[in-house]
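Protein chains in written order, with the working numbering: chain B, 3 to 327; chain D, 2 to 258.
Note that these hints are calculated values from the structure, not bench results.
Among the hints, erroneous ones may be present.
[Claimed, not checked] Listed next, the in silico DSS-like pairs over lysine-lysine satisfying Cα-Cα at most 25 Å (straight line):
#1 B/K193 - D/K195
#2 D/K119 - B/K189
#3 D/K171 - D/K195
[As the list claims (entries may be wrong)] Pulled a few chain D residues facing chain B out of the computed Cβ check, cut under 8 Å:
#4 M2
#5 Q5
#6 K7
#7 I67
#8 L70
#9 N86
#10 T94
#11 S107
#12 S114
#13 R164
#14 S168
#15 K171
#16 T185
#17 S188
#18 E246
[Said to hold, decoys possible] Computed footprint of chain B on chain D, listed as stretches where at least three residues anywhere in the stretch have a Cβ under 8 Å from a Cβ of chain B:
#19 27-34
#20 116-125
#21 134-141
By construction, the Cβ of each residue, glycine as well, lies at the ideal position given by its N, Cα and C atoms.
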Amino acid sequence: MLAELINPYYLQVASFILINIILGVSIYITLSTGQLSLANAGFMGIGAYTSALLTLNFDLPIIVGIMAGTLLAGVFGILIGIPTLRLQGVYLAIVTLGFGEVIRVIFVNWESMTKGAVGLSGIPHMGRELLNTVKDLGFDPKVLGLQNNQFVFLAIFLILLAVTVSIIAFFRRQNRSRVGRAFAAIKLDEKAAESMGINITYYKVLAFAQGAMVAGFAGALFAHVLAYISPADFAYHRAVEILIFAVFGGSEVIWGPVFGALFLTVMPEVLRFISEYRYMIYGLIIIIMMAVRPQGLIDVNILNWVKLKTSKRRQKHGTSSQKSM
Amino acid sequence: MVLQVKKACKNFGGLSALSDVSFSINQGEIFGLIGPNGAGKTTMFNLITSMFTPTSGEIIFNEDNINGLKPHLITKKGICRTFQNIRLFPQMTAEENVMVGEHCRSKSGVFSSVFRTKSQRQEEERIRSKANELLEFVGLGGFAETVSDSLAYGQQRRLEIARALASSPKLLLLDEPAAGMNETETSELFRLIKRIQEQGITVLLIEHDMPLVMKLCDRIAVLNFGKKIAEGTPAEIQNNPDVIEAYLGSEEEDMYA
Ligand SMILES: Nc1ncnc2c1ncn2[C@@H]1O[C@H](COP(=O)(O)OP(=O)(O)OP(=O)(O)O)[C@@H](O)[C@H]1O
Ligand SMILES: [Mg+2]
């Protein structure tokens, strides 16, 4: 019964949606201090290659690889974040985009390590590793009425769902704290923030490193979900795609890029014919959004409106037993 | 002596915005810094708060030489300012603006914030209630949830003062706080600055509203074209021929307005 409901293809699409949501969050974090970084595709690549190489060459457990990839991306985030502190807006975007290209070129040319443009294959697969582990422990998915590959994709989906929810919760809490206020103050008026006693260097580099870590984390997950990566996965296209999540969905609130990633990953799957024109549509989205709604679809006002609606509905439900007016 | 400025100079390219300006401010006094437009008053604030580095000269705060210290560390040492052209965080509420001001007097970091540790929750609580006290103090009691952008002009000026007070300064720098205020607002402002003084906070005030300056300040220094031309009590300043000359020389200002 369960078997018919669980379709590996849908689960895989859902998993990629979740990875894209994490990438959307990564650009949002850096943006929440007013820094537009297009380096996140590069950080994603660092996370992916680090984890893939460690697990392939040294037989390290996937989780160790993912942690190492995340940390190394964070280190690169600090290394890029510090020298670019004085750059604003477009200049920062250009420099960080250039950094992403440098990283890609290194992946292509460091053939002895990365196998060049061909990419790395046979990377340990998160779901299959988990299947082997549970089988070693004497558990058979058939008990749940699941085939092996259903189990594999379901496990991946659930793991990604859990980490995505945790990441969003993490940054929502951070936003509503002293750190989040410092980020927002820097974004709104850097000089005033500094005059109010905020160490802007520290918080800007922190945001940069956090964005890099989240992107590196997404990259490492990507490597172990797909089991195959190549430099093209982390090229300019990816950087633009991540940017579009924020431009389309909005970057005022965390739900903006989350919605952007969700919508823009689902669309080409639902409307197959669209996917051929993907990048054309991205271009159109940028132009239209900049002209009509530069803050993106989801902003504070929309969020407040949704909250109001849902709280009204809840009230209605609460009083539905009484006589309605 | 809370603040000593010794022979401060600031050049912008060929323009000498401040040259050899010296003065000192005593603990607990309200010290006025006046002068015609472009005299270098705001530039002096920018030197004291390290927004600019002086071309030469020294600034000493409570015996410490604070030259070249990063602006946020100056705030931490106990100097905070308001801006001539209001610089609130526009999309934040009044309460949030003031809470930002308390940044350097609190310490929660990423992990305590994300895991909502007990000390973090207590600190947030403390910050929030102090912010509301300060809003009350400057007369914005009912406006905690109002987005600062939509406050009236005079209210925004008072909110900036509350935000600066949130950093628990020993020395408060006010850059034209009465600008754009009507008479009632100005007299409220007068009482507010008096009450700030009563709390033991030293005030350095830039202001063009002469009656306010004369009533409020214990001592005054006058700048003209980047040079200090006079210093003394309000009575001394009012009768100083150089000062009268400087003000009559400029069209927009009228000392006895
Ligand atoms: N960042 C800067 N770069 C170049 N010149 C500057 C800069 N800041 C101020 N100046 C110049 O320095 C001089 C003093 O300016 P300042 O703002 O200190 O005057 P002020 O006394 O505050 O005047 P006002 O009463 O109009 O506010 C002016 O000639 C101004 O043009
Ligand atoms: Mg000025």
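Violated hints - listed by number, lowest first: 1, 2, 4, 5, 6, 7, 8, 9, 10, 15, 16, 17, 18, 19 and 21
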